[in-house]
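Novice: Sequence:
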Amino acid sequence: MTDNQPGNKQSIFFKIAAQVEEEQLSEIVGIGVRGKYRIKNHRIYLSVLGEKSEFAFMEAMGVVAVSSPEMEIISGAGGFDHDNKFVLPRYHFGPLAQLDMEVAMYQLANSPKMRELIEKSNADNSGIIYFAREGHLTNWQRAVYLVDEKKNIPSTIVAMSHKAAGNIYTRESQLSVKPNLEGFNLINLEVLYISDPVASGMQHVKMLEELLNIGCVPKTVVTIAPMATAFGMRVISLACQEMGIKFVGGCCSALLESTKPLRYYSPYPTANKNQVVDEELHRFIRKFFGDKLNKVCIRCNWTGTFLGGPKMPLKASEEELKSVGLSNQELKNICNLITVNKAKSAGVYERLIPYSTRLLQKE
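Quick note: the sequence shown uses numbering that gives the first Met the number 0, first residue 0, plus one each step.
Worth flagging that the hints you see were computed from the coordinates, not collected in a lab. Glycine included, C-beta positions come from ideal geometry on N, C-alpha and C. Heads up, some of the hints might be wrong.
Estimated spans, in silico, between C-beta atoms of each pair [unchecked claim]:
hint, residue 1, residue 2, range
1, Q9, N83, 46 to 54 Å
2, D147, N340, 39 to 47 Å
3, Y36, K321, 38 to 46 Å
4, E53, K310, 32 to 40 Å
I would like the entire structure built from these sequences, with the hints used as guidance.
Specialist: Quick look at the structure:
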């Protein structure tokens, strides 16, 4: 039985998504605010990143997006590896990508909006839900601890997945097993962090509906989504609004595009500079890739690029790119045109050197 059949209530996702389909999201994002903030780096990062760092951010639709070298190589313009070769996020693999994710989440947790929420969060009034498969990569519990070493927020992993369905998105969300929420104060949940990339927003809405079914209504829901589309974040925010829940989001570098009709394939913005934090980096990368950027998902198999070893993500990438008339070789040829000297001449080099590169070059 699917959600569209009698006897099974359809998720409000579909109603809200239909509404968002009619919106001009880039214009909505464009009325957000921009700024900068400085942080004192934690002692474990000092030797590589120095004592302090400054980041640009934008806030739009309730979402905080932050630009840093680590954020850009996770879900933005890309960056240089330790061999001084430029790579797009989809070619940034494995443990080095995980290292940059760790630092990026620490930086996001230190943004003014997130720090405000972390100050309110404690073990008795907050919780963190990671979705399997990618949600745990953020290790948000650790990021919160590094901001405030008195904080140890209860956390759990929920087995959330898609199943085929007869709707325009060809899928619906399902929980494989009942969520284990041991340690959560379900009757007084002030702040609930939900950690997973966001494409359509379907899975987050499903999780919220499941919580409401057991009488748990968080006062604030915070989506920690390193890779996030404007469409998906908008859907989640409107679902929260309908449920009487305050919404805050956090992501890396940009509110990504999402390709119709499935709203699953998520490219880095091409013409929509409203949706990126660092407009100068956006112009620099677009000069080389042009409209090809809007054909290329920010990462191919999102789990595979972090956990799949060196071969699996490249094989999956080749199949994906072939479907849009591109290839890994074509993209890598363009990457090779982006040299250190060109980045320095454009004044963007330092913004393209992530933690993993600095760490290896330091050795």
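Novice: Please list, smallest to largest, the hint numbers that this structure does not respect.
Specialist: Of the numbered hints given earlier, the structure breaks none, since each of them holds.
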